[in-house]
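Below are the chains, spelled out letter by letter.
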Amino acid sequence: MQKENVFEIENLNLHYGAFQALIDVGIIIPRQRITALIGPSGCGKSTFIRTLNRMNDLIPSCRVEGKVMFDGEDIYDKACDVIALRKKVGMVFQRPNPFPKTVYENVVYGPKIHGEKNKDRLDEIVERTLKEVALWDEVKNRLNKSALGLSGGQQQRLCIARALAVGPEVVLMDEPTSALDPIATLKIEELMSGLCENYTIVIVTHNMQQAARISDFTAFFLNGVIVETDTTEKIFANPANTKTEEYITGRFG
Amino acid sequence: MSSSKRRKDIAYYGVIAALSVFTLFCLIVIIVYITSNGLPHITWEFLTERPRSMGKEGGIFPIIVATLYATAIALVIACPIGIGAAVFFKEYSKGGRFIQIVRIFTEVLAGIPSIVFGLFGFAFFVVFLGLGWSVLSGGLTLFMMILPTIVRSTEESLETVPMSYREGSLSVGATRWQTTVKVVLPCCVKGIVTGVILGVGRAVGETAAVMLTMGGALRLPLSPFDAGRTMSMHMFVLTSEGLSMEKTFATAALLIIIILIINSAANLIGRKVGAINSA
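Chains A and B, in that order, are what the protein sequence lines are. Everything in the first sequence is counted per the numbering used here, starting at 1 for the first residue and increasing by one. Everything in the second sequence is counted per the numbering used here, starting at 1001 for the first residue and increasing by one.
Isolated chain B (complex conformation) (with noise of 0.2 Å):
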């Protein structure tokens, strides 16, 4: 190598490796900012106890479950959906005009903002069904929202899996299904574990989609028909009306490691069984 095209590379890998340690840097300075100023605020108290005048006093306790609660009921559904619609996609149709337009419209559905879905769940799910300001409500607009991030994640994994899998799995005389199930899906454990984290986080951390469905009580919901408030949504109620700072940063803080929690067992769960798989 010449030298001039010695000093290019190097200075190439300087700039990259510069801005891989900016973007490191704005993550943990977000992170540590968080964490140092909500940590100290988590106690016992605050993780068990209902909160007390409007979140000023007490702790998060319903509004913990209520957020666990509204991502459950959306991941429920989203799950074999969206796993559905790409395995037929991918697998079963053979790329016909319907299909086309279904992928078209998800496409738009993952670029929507979430004050739209809100304003939709409000109008669908909360009048016209007549759900009410619940978790129901809150859990189905974030059902939609979620969606098409895990359809898009399961088709990418599937596209990856070689044909030739499935011609060998054909080629002994297995059906179409056998061969998604036993050959195809146990390829694409990783990829979809890694939709479904993505779609937890965006509905875990959702506010405006489910400020506009949830209701916002502080109550612990304990049917899907209760109303009831996610954190986020915590947060935007605790700073917009200046009620306390120190527990909007302990709710953050929470919020961040439940994530962080989250995201770890699906990785988990996505390696051990990759692993099975690949033994």
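Only chain A is shown next, with the shape it has when bound in the complex (with noise of 0.2 Å):
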């Protein structure tokens, strides 16, 4: 029996070097649901969504301290296996970040990676993420082509695929549409809806309508705090802190 929340966050405080970034951040990600972070720039949602999947771990300066309960096990445990938290974290960039190979290689990167080599296998994953993406009908004739050649929406469906190939239980998504036009964001706005049947998704968004249409559950961040968190639809009609009423409205931020 899988619990109801993916992630449970407890006390997350987080630095770089000196400046701290994150303070005392507590938050509930539920299981199929899409949580929207919002806040202006420069207010640790990034940093937070980076800390779910250990991406931060790059940054040589960073240090980490609280709880972060994924499936009830604490990620930042040493005994934690990074690679298989990413692998079932996975997590989809502000620019549509494609590697230059083929389209297909792509998609399979992840599953061989992990392993697999079986063709028709590798046909079957790519035939169904590329769908669960909305993006096979345009690219099925092009798979062995290169994935720079794509629109920038298309690439950045490609890289919700690559995500999606080794079997994620979240993705987490930062700033996914910042990059493209608003055609190929609604594109990708629609296909989220469709995807939080099957997978929990984070999604770090400027735009407030965004959050609004597509969220569950929205957090507001200020200044590395969480001020306030609720359904979306709470926040947005009647949000308890002036604060976050002050920013959805668009008085600051």
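Rather than coming from a laboratory, the hints here were simulated on the basis of the structure. Among these hints, one or two may not hold up.
Unchecked claim - With a cut-off of at most 30 Å between alpha-carbon atoms, the simulated DSS-like pairs for lysine-lysine come out as follows:
1) A:LYS140 to B:LYS1182
2) B:LYS1094 to A:LYS119
3) B:LYS1182 to A:LYS131
4) A:LYS119 to A:LYS131
5) A:LYS78 to B:LYS1090
6) A:LYS187 to A:LYS112
7) B:LYS1190 to A:LYS145
8) A:LYS145 to A:LYS131
9) B:LYS1005 to A:LYS112
10) B:LYS1182 to A:LYS117
11) A:LYS119 to A:LYS78
12) A:LYS78 to A:LYS88
13) A:LYS88 to B:LYS1094
14) A:LYS117 to A:LYS140
Unchecked claim - Not the full set, but computed from the structure, chain A residues with beta-carbon under 10 Å of chain B:
15) ASN11
16) LEU12
17) ALA79
18) ARG86
19) LYS88
20) LYS112
21) ALA165
Said to hold, decoys possible - Label-pair restraints from in silico Cβ distances:
22) B:SER1264 to A:GLU138: 52 to 62 Å
23) A:ILE23 to B:TYR1013: 31 to 41 Å
24) B:ARG1176 to A:ASP216: 29 to 39 Å
25) A:ARG213 to B:ALA1110: 13 to 23 Å
26) A:ALA179 to B:ILE1269: 32 to 42 Å
Ideal Cβ placement from N, Cα and C applies to all residues, glycine included.
Put the two chains together into one complex; each comes in its own frame, and the hints tell you how they fit.
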């Protein structure tokens, strides 16, 4: 029986050298829901989302304290297998970052890394994940062409497919549409509501309407602190905190 | 654009065009001069026979072999070590003090005159390690000379690989090693090939360093412990002892041709591998 909450985070503090980027962050990420993280630039939302799959490990000066429980295990425990964690917690980045390989190779990259060699199964993964991201019809005839020849929106959907190909439970999205045009953005948003039937999604966004449109829960970050977290409906209709209200009505940020 | 601005623009264009024409002109003069003096003397006999009467007569077959032999030894050792070191510096180390020191040493190494390498090679490989005057001693000396070139150019091409590729790879659960081998290095093939070509150029044409380490025998080197003479060394001996200008030019022309062949082959390989990668 899976727990209802994928992530349970308590007292999370994160420092970059002397600078504290996250202060006593506590939040619950419910399973198979879309949780949006909003807040002004530099408030720590991207830093926070990167603690969930330990991408911050790449930054030498970064120090993390507190509890980040994923499926009941503390991912900052020494015994935690980061590779296994990242397989279960995928990520999509702000700018589409397909590898300079073919469309096909991009999707099968993860499965191959994790030891899948069977060609039929790889083909099946490619078709299934590309259909999941509504890209199959557009690229099925050019699977062996470079992924860099795709449009920005297609590249980003390919990156989502690449993340899905290893069978994650969670997909973290760090401003996935901020580099895309409105039509490509819309496509990705449509996609997300379908994806949350199978995956838990955490999305950082600068676009308040986007958060309101697609998410079930919203957390408002300000200066490294979570000011308020609640159902999206409640946050946008009737925020408890005046700072939240000021932000979502566009008075700062 | 105002007319004075336009005139200035045209003038700058003229200057830059003239400079590039001049560069090309210098290169062509050298190549044409050497090949026109050398090509007529490159005969089948010259390519396949041993030198007679100190190189005055006969061919340079053993010398070609010794040149390629020593260069190959240098490359076979320098490529894995150089590329490995660059990967360690750029992908693994977090830029600590040790790395900085190693990097300074690599750069100093690149600026040392080749005769100093020769001296070291003589003292260390020939005498201390007892390898004697041999193709192996020469190859090892050349290896030290081309190592910094290969490290540097690999590092530079690793730097051009966007961080986002590494993030994309790590985020699906790849290890750092998998990320390096499957994503980062394939993006660097062209840059690494360029570095290797520069290294080959330096090794094939090197004179001073091999004079002190390879001996200079005109025999065909069969084992790496045999002494040998490289083409540039041969040219030096031929001219300085006034043996034969014809043979010198023929050797020079052949050396240029060999370097051209190696360059184009490496470029071709680089392009092929690069193309597969970004098909």
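These are the hints, each one checked on the structure:
no.	hint	verdict
1	A:LYS140 to B:LYS1182	24 Å, holds
2	B:LYS1094 to A:LYS119	38 Å, violated
3	B:LYS1182 to A:LYS131	26 Å, holds
4	A:LYS119 to A:LYS131	18 Å, holds
5	A:LYS78 to B:LYS1090	26 Å, holds
6	A:LYS187 to A:LYS112	28 Å, holds
7	B:LYS1190 to A:LYS145	20 Å, holds
8	A:LYS145 to A:LYS131	18 Å, holds
9	B:LYS1005 to A:LYS112	58 Å, violated
10	B:LYS1182 to A:LYS117	15 Å, holds
11	A:LYS119 to A:LYS78	36 Å, violated
12	A:LYS78 to A:LYS88	18 Å, holds
13	A:LYS88 to B:LYS1094	27 Å, holds
14	A:LYS117 to A:LYS140	21 Å, holds
15	ASN11	26 Å, violated
16	LEU12	20 Å, violated
17	ALA79	17 Å, violated
18	ARG86	4 Å, holds
19	LYS88	8 Å, holds
20	LYS112	8 Å, holds
21	ALA165	7 Å, holds
22	B:SER1264 to A:GLU138: 52 to 62 Å	39 Å, violated
23	A:ILE23 to B:TYR1013: 31 to 41 Å	58 Å, violated
24	B:ARG1176 to A:ASP216: 29 to 39 Å	35 Å, holds
25	A:ARG213 to B:ALA1110: 13 to 23 Å	57 Å, violated
26	A:ALA179 to B:ILE1269: 32 to 42 Å	35 Å, holds
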